[in-house]
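Visitor: Mind docking chains S, A and E with the ligands on chain C? Use the hints.
Chains C, S, A and E are the protein sequences, given in the same order.
According to the working numbering, the first sequence holds residues 1 to 659 in order.
According to the working numbering, the second sequence holds residues 1 to 659 in order.
According to the working numbering, the third sequence holds residues 1 to 293 in order.
According to the working numbering, the fourth sequence holds residues 1 to 293 in order.
In case anyone wonders, no lab produced these hints; they're calculated from the structure.
There are no misleading hints in this set.
Cross-link-like lysine to aspartate or glutamate pairs, in silico, EDC-like; alpha carbons within 20 Å at most:
id: 1; chain 1: A; residue 1: K146; chain 2: C; residue 2: D17
id: 2; chain 1: E; residue 1: K222; chain 2: E; residue 2: D246
id: 3; chain 1: S; residue 1: K456; chain 2: C; residue 2: E647
id: 4; chain 1: S; residue 1: K399; chain 2: A; residue 2: E10
id: 5; chain 1: C; residue 1: K456; chain 2: S; residue 2: E623
id: 6; chain 1: C; residue 1: K518; chain 2: S; residue 2: D555
id: 7; chain 1: S; residue 1: K399; chain 2: C; residue 2: E641
id: 8; chain 1: A; residue 1: K269; chain 2: S; residue 2: E239
id: 9; chain 1: E; residue 1: K45; chain 2: C; residue 2: E419
id: 10; chain 1: C; residue 1: K399; chain 2: S; residue 2: E641
id: 11; chain 1: S; residue 1: K240; chain 2: A; residue 2: E290
id: 12; chain 1: C; residue 1: K240; chain 2: E; residue 2: D263
id: 13; chain 1: E; residue 1: K269; chain 2: C; residue 2: E239
id: 14; chain 1: C; residue 1: K18; chain 2: E; residue 2: E291
id: 15; chain 1: E; residue 1: K146; chain 2: A; residue 2: E291
id: 16; chain 1: A; residue 1: K45; chain 2: S; residue 2: E419
id: 17; chain 1: S; residue 1: K401; chain 2: A; residue 2: E17
id: 18; chain 1: S; residue 1: K240; chain 2: A; residue 2: E291
id: 19; chain 1: A; residue 1: K269; chain 2: E; residue 2: D142
id: 20; chain 1: S; residue 1: K456; chain 2: C; residue 2: E623
id: 21; chain 1: C; residue 1: K401; chain 2: S; residue 2: E647
Covered, in the sense of this in silico footprint (three residues per stretch, anywhere, with C-beta under 8 Å from a C-beta of chain S), are these stretches of chain A:
id: 22; segment: 6-19
id: 23; segment: 42-54
id: 24; segment: 58-65
Every residue gets a Cβ at the ideal spot worked out from N, C-alpha and C, and that includes glycine.
Residue-level listing of the chains:
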Amino acid sequence: MNEITVGIGGAAGDGMDKTGDALAKTCARVGLHLFAYNSYQSVIRGGHIWLRVRIGQEKVRSHGDTLHAVIALNQDAVERHAPEVSPGGVVIFNADKFHCDIALLPDNVVTVPLPVSSLTKTFGKTLPVMQNTVALGALLFLLGLDSGVCAQVLDETFRHKGRDVVDLNVKLLMAGYDHAKANFVPLGTEWTFSGTRRPFLTGNEAISLGAVTAGCKFYSAYPMTPASAILHWMVSHAEKSGVVVKQCEDELAVVNMAIGAGYAGVRAMCGTSGGGFALMTEAIGMAGMIEAPVVVVEVQRGGPSTGIPTKTEQGDLNQVFGASQGDYPRAIIAPVDVEDCFRSTVEAFNLSEKYQMPVILISDLLLSEHPETIEPGALTREVPIERGEIVRGWNGDGKFKRYAFTRDGISPRALPGTEGTLHVAATDDHDEEGILISDVFTSPPIRRKIQEKRMKKMTLVLAELPPPELEGLQDADVTLIGWGSTKGVIQEAAEQLAAKGIRVNRLHFKYIHPFHTKEALEILRRCKRTICVEVNYTAQFARHLRAETGYSVHDSILKYDGEPFEPHHITEEALAILEGRPRSLDVTEAESREMAYHYIRTHLGESARPASVRRVEANGYGEPVWVLDIVTRDTGAKTGELTIGVETGSTYNWQPVNP
Amino acid sequence: MNEITVGIGGAAGDGMDKTGDALAKTCARVGLHLFAYNSYQSVIRGGHIWLRVRIGQEKVRSHGDTLHAVIALNQDAVERHAPEVSPGGVVIFNADKFHCDIALLPDNVVTVPLPVSSLTKTFGKTLPVMQNTVALGALLFLLGLDSGVCAQVLDETFRHKGRDVVDLNVKLLMAGYDHAKANFVPLGTEWTFSGTRRPFLTGNEAISLGAVTAGCKFYSAYPMTPASAILHWMVSHAEKSGVVVKQCEDELAVVNMAIGAGYAGVRAMCGTSGGGFALMTEAIGMAGMIEAPVVVVEVQRGGPSTGIPTKTEQGDLNQVFGASQGDYPRAIIAPVDVEDCFRSTVEAFNLSEKYQMPVILISDLLLSEHPETIEPGALTREVPIERGEIVRGWNGDGKFKRYAFTRDGISPRALPGTEGTLHVAATDDHDEEGILISDVFTSPPIRRKIQEKRMKKMTLVLAELPPPELEGLQDADVTLIGWGSTKGVIQEAAEQLAAKGIRVNRLHFKYIHPFHTKEALEILRRCKRTICVEVNYTAQFARHLRAETGYSVHDSILKYDGEPFEPHHITEEALAILEGRPRSLDVTEAESREMAYHYIRTHLGESARPASVRRVEANGYGEPVWVLDIVTRDTGAKTGELTIGVETGSTYNWQPVNP
Amino acid sequence: MATVIELPLETYAGPVEPDWCPGCGDFGVLKAIKMAAGRLGVAPKDLVIVSGIGCSSNLPGFIHTYGVHSLHGRAVAVASGIKLGNHDLKVVITGGDGDGYGIGVGHFIHAMRRNLDLTYVVMDNEIYGLTTGQASPTTMRDIRTKSTPRGCAETPINPLMLAVSSGATYIARGFSGEPNHMAELIAGGIAHRGFALIDVFSPCVTYNKVNTYPWFKQRVYKLEQDKGYDPHNVHQVLERAMEWGDRIPIGLFYKADQPTYEDSEPALKIGPLAHQPLGLDGTTFDAFVEEFY
Amino acid sequence: MATVIELPLETYAGPVEPDWCPGCGDFGVLKAIKMAAGRLGVAPKDLVIVSGIGCSSNLPGFIHTYGVHSLHGRAVAVASGIKLGNHDLKVVITGGDGDGYGIGVGHFIHAMRRNLDLTYVVMDNEIYGLTTGQASPTTMRDIRTKSTPRGCAETPINPLMLAVSSGATYIARGFSGEPNHMAELIAGGIAHRGFALIDVFSPCVTYNKVNTYPWFKQRVYKLEQDKGYDPHNVHQVLERAMEWGDRIPIGLFYKADQPTYEDSEPALKIGPLAHQPLGLDGTTFDAFVEEFY
Ligand SMILES: Cc1ncc(C[n+]2csc(CCOP(=O)(O)OP(=O)(O)O)c2C)c(N)n1
Ligand SMILES: Cc1ncc(C[n+]2csc(CCOP(=O)(O)OP(=O)(O)O)c2C)c(N)n1
Ligand code: SF4
Ligand code: SF4
Ligand SMILES: [Mg+2]
Ligand SMILES: [Mg+2]
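For reference, chain C alone in the conformation it holds in the complex (with noise of 0.2 Å):
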């Protein structure tokens, strides 16, 4: 086994970050590859929070499909993901405070559970999050890794908070190490370590990193999740990068001071999610009308409205294509992984000085919040910087015009400041020096063409953007069809498929607007089957690929529950697709679980949890029925019977034991 997939569960204030940080940074310095996902709500203590942590010898592209160990950091966590382990994996817990009942454990999963008290006891004072370390200790030792490389990241980690906390750190985690070794056997893991230090940073860090390496100098934001980080990150590095970091008092402001900056010739860049982006549009149209530069990165989560604020999901394309009234060029660009992250920002920022016009990054919260290992050679400060002429001054041969009608439609920039290039940027219409066309003097001839002189730019734009390209066989069988985040798991999930005899290939799409549509359109027409995956309710590229295209894909493969896909939920639906079974919306046992679980917190409190699950008779419209016994966590005696599924869908009814 050279692939793993370690779980934490715990709440929000548990510390799980810091136990996944160390387990991350041990593996990625011995050389293994790394990709982590962080389940987590939007409560600042308290919740569920479901860390998983792949970790590979090879490149891995999601947090996968299988759970191999899962450290649970109270009881909750041991309950909700002990029956998920697969053969061969552990549970562990501090045995201290949390128990397994046995029924819950699936075929050869054995718990972990660790006497931290008395591990710990002669270390002095402890905290209850020192459990997460000696648990962490344990793990180590179950999967091979050393733990003098996760010593030395927790010196680092601590090293601020002085040599008792380190030294005490160290010690907890090899009591946690000593104790697995001295009672429970490894999970078979078969590593290679290739040695190779690789950086492991999220989507986010990417971006930031790539924006000042590309020459970004001024940030504006307003706090929104998950574009925070992007926001802390560049505040906290801004002194070193010469960057103004701007909060602001809302997204309107966000927006506009970055395009000013732009106009004052700055690169400049704002970030934000759904929501604040929707503040943002106006002025978004105003940047491609005075054509000001600016990159403004959108990063996505489960809508509509405030949604599901800590969830991923890819449902903003429609609002980032129709964003601002009228026509006006730009580009839309969504980065497939993290390493594309840095990338595309910088390219975003050439873009927008090149074009003079808004650039747009589409993330999400699963590619900007996720970290995973990349190769060291990506990040490199060698980057292109491509700005476009910039008129440094006038000799008076003829008016400066500003706006000039030009072949490519780019007409020569000038920043304020600059002598003999005086003109005024407006929001009105206005002809080739900037005179508004809009009020006394206007003019319909000259509006056709300053219209036309804009968007004229979009041809260029296009045609220095690289075209879609077909990924794997030239003739396969199904085309697994994509855009921005999805890129690896949908590779992953093409690799399962073709393990199991589908001749499938892939075409992923980075650049969604201007389109390639001719290239796309050849590359579709060589598809004899295709399926559009996607973490949205309406199939929202499959649209765009339509409106762009003309094409229609097969089917589409959704997601819009919150969480990102696992490569098995593609496998999975594209096989009933291509057997023709239909998709059922059906509650399956598993979610009635969750949505016992759902209904017991809010409704019978932490005492209870659901045991049994049964299916009686169906509704009256075919859908299932599930019973489940609700029964207390301590001593697992029944409280009462749940029923959901009733009305279609969730509706519950709760029958207590003793009304």
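Guide: Structure of chains S, A and E with the ligands alone, referenced to chain C:
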């Protein structure tokens, strides 16, 4: 001749609206049909206003192609419009102030110079605007219209200013009438006055009346051309119709207030144009999420950005479709003419309440601001009012579930103040009771089910909207496609094409979302050649159609210079397309004159005008270059030459005669 | 006025436990709102609590009344629509300093100008809680936060002065450490006809390590204890509204009787819009149509 | 400071004639801005005038400087970005009362808190001019406008009090009937380091038939003539800012020396952002990347 177009040209502040109104009312009262269009600028005084009133024995659906009579209220208007009059026509002006260079007149067009001061010298003190009424009198005679009816209209118009003003105006009218009668021959119109009085109103007025008739009780807005007239109508009729009309601090407040009122159980509407709508999108997504009814009117104007605020365009389709992040239920309706504005507004309220969602009415400047006569019966108080079920209390049998999963997705709506139905309407995603699933109690399956619940409503919405219909020949060779306000002008163009022997029919779309994909495709598959006509640069509707159906129209006829289509524009372009003549983007001779006007007014002042135009050799890339003689207005002496088109389009060189 | 039948706290017991961090100041506000409503005898069905987005804005979910958990910064606008839609309802707005004084400050100021009969309770913790600790418009100068690692370089908003300047007719400040006192202020605001602002020091125990309970406890004093203080005297009000530092006043700052916006609306004279029949009577409709002839 | 070389008015002669109605107060403001820039000797190329949308916001088109005619309500935000992008430029914001105190009031307040070195001239005509005469946030109570046919039912904004409350460091009021006086105030604002507000009574002769030239002429008096007035004393400032009715003060209300926002930004110490080379040096880049290991 039983159809006439009158043009009235002058500057803002010249009082043209009153004159146009009196003419229109006169015609509407004697049983003639009317369609008026006012081309104006974003300036309070000055600029160039050009009002066209088309009068017909039969229904007229656009301002037409042919200009029969001009009333010029300033020198500019004489010069710019005299050349456009068709043979047999007249140019009427105040001879005391203005003159008409004979060279400007096409063959067989005569001037009607009115000696205003001598005609009115016995009337005591007169004001400059009174020249209008004299000209109107002359026009009435020339058009064979009844001065008595017009005198009655003036009576009603000026009554509030006192008897003296009325009398003076009637005297002015008759002075012009009698003078024309004594000196000129009528144009030869042949009217049959049916005597049917018809209401004459704009799209904005029809929307307003539709709203209050449908029970709208709350209207919020922030002033914005071309939607402001709805605010003005509503507020001036507020007391009588029991509506609260709220001008807010911005469009964010506007839409959020309307949604608040909708949630409270009031039929609420708000209105704006593209820039204001951009600010509303986030809240429209909120309405979708909390399932609150609201009607939003988006009156499009020329974009992008502030654009050409007093000009028309159909350029906000992308924005309206893409409003807000994520997927949520909503409807988008584009009324097709003034009468339909009334009907569609009623429909919008019904849909918004029955399906508990936002409904967007998308109009444009042309439709919203132009007045036309409609049939008297079209405005009726007997409109269907369908609110959907509203729970008026709860018996306590189980918990009230505001967002219950039901088969059709419509959950029981309850209004605040009702006993037993307490709940929170949250923009965070929630379960059936409204409890959040975004924070502590996250639940992917509930999220999946509730998103499906919300979106399910769209199926019902679509089912109740009438599908598109092919109008005209069922087996035509060419189909003209359009959406929204262009219905009438396309119909007239189709008639012109038919008259030229083209077998043409029409397919017009009013329901933009949800879309009748199946029905549209059935029709489209039978079409031999399709041409989509729309008023924007990127053919937004053709793209929408392709997105919804996969069908690509063969050709598009696009206009984006701010002025609406005249039938001949469509006819000529359609013929060119059918004959395979490519569309040229070259500056035409007429356009070069307009561009010259702009150059003169911005750089040379008021005292010059363009005279002869000649074409010189083309520029480097095959485009024409025009040289215009510029002359002084009073003497006609040449002051210089203006070259237009040196670089692509409008680049001008100015060569004064004596530099 | 009818005699008030007070209602017990449990009347308003919400469906779920608050998700706030243990010790969060917002617990005190929740309790004070329940106490205030109870003292005034406002039936849960007649109370609508409207919030924006933020930790504090989660409040409507934790109380048994009608509620709208709207958009970040828009609660005041949504609430204004609700009030105009049905002015029989008591409408209370709750939210954070970021929500109300940051992104929402425009609606805040314009709503006060209107003097709509709304009660606005701002849980002012001088920080953005839900987004994990960035500076808010009330963050004090030089304070380091996640978004101001070198210290905040902006002058904090003074909500009370803005309120006085903009025409609010009831202006108060409470403190989560004094829930009883706060409940009085909120009850006063709900009972007051017109726009009432109750700014509340509601410490964020997780992200604001400066403006803590002890910090406030040391500083706050009650205006009511100062016999010379006259909440009708604008000059005195402004004086106290500017007081900040070692001593910070809480209590009722200002109160004035002014007509409400609702009073000016003829359409509301006959009762709430939401209860009025839809459509026009024949005479009115015909008269409207006649204008088009 | 270098000696100032004054520039004549024609230095700033714009490309086209203003499109305002004859007699519009905005003509006076245009002239005063030219005079102020001329007196300070600001070269046209170093001056950027940023406006929103409205009659008044058309101003940048009528003067020979750089200009951005931005979006309705957003001028202050755009200008803030320009200033941070190149703080060598003098940035003057011009616009209307609707633009600045209505839709834009949030940016207005927050910009003042920041004390960015901006000069904001508001052409306050108590009406929405360009959209043909609706009530604005400074329309007085009971005034009938196109949107308030029964009279305006809202308390007008008091921009000066808002400015004092929010941390503006230079606050003045001018009147189009006194262009010379106004020019002094604007010049003072441009010369001042920090956020300067100059609210200007600039009558709309077409749509505001109440607040006309004569109306103002009868009422305004100059603060400078009152020897006892101290623009550093907040209490006096507030007192005068509240004065309205028969006597209305114009002149310099308030002035304070405070560090600007630019002062607090380390990145600006070495000069304007717009002049700095792009990208990172090798050491910095490597250090940033190393954090990911
Ligand atoms: C338009 C928009 N921008 C940003 C956000 C993200 N956001 C949610 S809460 C919040 C700030 C919360 O601060 P505050 O209002 O002070 O509430 P607290 O959490 O401190 O109680 C922000 C910025 C959002 N939901 N919507
Ligand atoms: C988002 C948006 N909403 C509305 C408008 C329409 N609009 C243009 S100018 C204006 C008000 C102008 O009033 P003010 O700022 O006082 O300027 P004035 O014309 O009085 O000088 C409005 C509402 C707009 N351009 N953009
Ligand atoms: S983060 Fe702060 S404001 Fe939010 S719940 Fe926790 S303590 Fe309260
Ligand atoms: S409408 Fe008023 S503000 Fe606008 S230009 Fe005319 S006078 Fe000036
Ligand atoms: Mg806060
Ligand atoms: Mg104004």
